[in-house]
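> Protein chains in written order, with full-length UniProt numbering: chain A, 1 to 170; chain B, 1 to 199; chain C, 1 to 100.
Derived from the structure by calculation, the hints contain no laboratory data. Beta carbons: idealized from backbone N, C-alpha and C, even for Gly. Worth double-checking, as some hints may not be accurate.
Among chain B residues calculated to face chain A with C-beta under 10 Å, some are [as the list claims (entries may be wrong)]:
# : residue
1 : N110
2 : N126
3 : T128
4 : L129
5 : V162
Residue-level listing of the chains:
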Amino acid sequence: MLDLTNVRVQAHQALQLIYVVTSAYMFWKFLSLVSNSSSPIVVVLSGSMEPAFQRGDILFLWNRDTLNKVGDVVVYEIKDKVIPIVHRVVREHHSLSKQLLLTKGDNNPVDDLGLYAYNQMYLNSQNDLLGTVKGYFPLVGYVTILITENVYFKYALLGFMGITTLLGNE
Amino acid sequence: MFSIYQRGQSVLNFAVTLVGFISAFIFITSLIQLQLTDSFHKDSSISTISTASSVKFSKRFGSVGGKAKENNKIVFDLQSDLTDLFNWNTKQVFVYLTAEYPGKTPESSNKVVYWDKIITSKEDANLTLTNERAKYSVWDVEESFKNRDATLKLEWNIQPYVGLLTYGETEGIGSFTFPDVTEEKPKSQKKKANRRKNN
Amino acid sequence: MSDVLIAIKNFVEGPIDYKSQKKTEDLNFYLLVLGSIIASLIGFITQSIFNLSIAFCVSIAATIIIVVPPYAAYNKEDNLNLPWFQPKAVAVPIIGEEVL
Numbered sequence: 001m002l003d004l005t006n007v008r009v010q011a012h013q014a015l016q017l018i019y020v021v022t023s024a025y026m027f028w029k030f031l032s033l034v035s036n037s038s039s040p041i042v043v044v045l046s047g048s049m050e051p052a053f054q055r056g057d058i059l060f061l062w063n064r065d066t067l068n069k070v071g072d073v074v075v076y077e078i079k080d081k082v083i084p085i086v087h088r089v090v091r092e093h094h095s096l097s098k099q100l101l102l103t104k105g106d107n108n109p110v111d112d113l114g115l116y117a118y119n120q121m122y123l124n125s126q127n128d129l130l131g132t133v134k135g136y137f138p139l140v141g142y143v144t145i146l147i148t149e150n151v152y153f154k155y156a157l158l159g160f161m162g163i164t165t166l167l168g169n170e
Numbered sequence: 001m002f003s004i005y006q007r008g009q010s011v012l013n014f015a016v017t018l019v020g021f022i023s024a025f026i027f028i029t030s031l032i033q034l035q036l037t038d039s040f041h042k043d044s045s046i047s048t049i050s051t052a053s054s055v056k057f058s059k060r061f062g063s064v065g066g067k068a069k070e071n072n073k074i075v076f077d078l079q080s081d082l083t084d085l086f087n088w089n090t091k092q093v094f095v096y097l098t099a100e101y102p103g104k105t106p107e108s109s110n111k112v113v114y115w116d117k118i119i120t121s122k123e124d125a126n127l128t129l130t131n132e133r134a135k136y137s138v139w140d141v142e143e144s145f146k147n148r149d150a151t152l153k154l155e156w157n158i159q160p161y162v163g164l165l166t167y168g169e170t171e172g173i174g175s176f177t178f179p180d181v182t183e184e185k186p187k188s189q190k191k192k193a194n195r196r197k198n199n
Numbered sequence: 001m002s003d004v005l006i007a008i009k010n011f012v013e014g015p016i017d018y019k020s021q022k023k024t025e026d027l028n029f030y031l032l033v034l035g036s037i038i039a040s041l042i043g044f045i046t047q048s049i050f051n052l053s054i055a056f057c058v059s060i061a062a063t064i065i066i067v068v069p070p071y072a073a074y075n076k077e078d079n080l081n082l083p084w085f086q087p088k089a090v091a092v093p094i095i096g097e098e099v100l
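Produce the entire structure from the sequences given, and follow the hints as far as they go.
Structural data, given as structure tokens:
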């Protein structure tokens with residue numbers, strides 16, 4: 001005969017896993033809606049804004065400002081480049097309909113003209129920005145850097161999770 | 001709380017929740033400290049010593065397709081004491097000297113940075129600059145911006161250890177008018193040609 | 001679950017009795033709240049986030065040492081001696097017939 005308690009325990013565990021995944025996803029989407037940014041939380045990968053932002057710090061983005069100010073730290077995307085860049089706005093030129101921005105990393109000697117697409121002289125604040133950095137929390141994002149860049153850490157984490165699900169019962 | 005795993009889990013969970021509360025405490029007290037020291041209304045004096053414009057043709061100076069682009073630089077004096085911006089949640093203060101000037105139409109406006117500095121310690125926060133040259137050569141979206149009036153301001157941004165980025169500007173105001181282009185001497189052009197070759 | 005896994009599980013699990021479960025839960029709450037308040041005060045008075053972090057880490061470590069291990073004091077009550085609930089057989093009438 002089928003052992004019903006065992007099935008129930010397993011179903012319960014599966015439900016809990018689904019609950020964790022969906023609530024994380026809902027939290028992310030909710031933040032996305034509130035901030036109007038497709039990725040409301042980003043992890044810093046480069047050192048071009050040191051010592052303010054170091055590798056592994058996390059930044060909270062906001063994308064509901066109609067105009068950006070000079071001095072704002074923005075996250076922008078360049079056509080055909082995968083990784084978004086976090087740099088500071090050093091020039092802004094706006095009319096009623098649009099705003100052009102020039103950015104620069106605090107720690108870089110020159111502005112970002114060399115990073116932009118071929119013949120691109122400015123960022124368009126409506127199309128190119130993922131958001132403006134509003135909040136900051138140090139170090140937490142280092143976990144994702146370890147997972148993506150260190151294979152051993154990834155396997156250790158997966159192994160630990162496997163063992164805990166095997167041994168743990170609620 | 002039955003097993004070791006559950007107890008460890010609940011200690012760490014609650015610790016993470018408390019980290020959130022502690023972060024809020026740190027940020028709020030640092031804001032109160034900024035208010036108490038009147039940091040959002042700091043004095044400063046800014047004066048323009050000289051300003052000069054020249055025409056550039058390289059992409060590094062904003063020229064598109066080799067067309068002429070007017071570039072401007074200034075020399076300035078600046079004094080401001082920003083020591084109070086450093087409290088226990090200040091990781092760095094980024095100060096920048098901005099120039100705001102009107103565009104062609106009344107609705108348009110421009111703001112550019114001529115000089116900036118990363119300050120990481122209280123001891124370096126009392127700024128006294130004399131005959132300081134602008135760090136950046138500035139150009140406009142249009143070819144020229146001569147005869148327009150610009151307003152100089154010293155602004156700052158506090159990057160915290162945790163919390164929101166805080167922005168403010170000092171009270172002092174400087175001004176200048178973008179001059180006519182001074183003719184480039186042949187000598188400096190030769191220098192530029194050499195530099196291009198080296199690059 | 002195989003016998004080996006159950007043996008490992010019992011060793012790793014470190015169970016404590018029911019009263020102590022309640023006690024460790026309360027201890028967890030009060031120790032960490034107290035620790036974070038003290039850490040915040042230390043940090044603010046010395047105007048140093050580094051000192052705050054150190055103090056808070058110490059309080060987390062202390063809480064873990066007090067709450068997590070299955071000390072003998074947390075196992076004074078013998079869980080196995082709890083009386084089992086004894087189900088009683090009751091006669092239930094089903095469609096007029098009586099069954100035991």
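> For each hint, tell me whether it holds in the structure or not.
Hint check results:
1. N110: holds, 5 Å
2. N126: With a minimum Cβ separation of about 20 Å from chain A (threshold 10 Å), the hint on B:N126 is violated.
3. T128: Constraint on B:T128 not satisfied, violated at 22 Å.
4. L129: violated, 19 Å
5. V162: Given a least distance of 6 Å, the restraint on B:V162 holds.
Checked against the numbered hints given earlier, this structure breaks hints 2, 3, 4; the rest are met.
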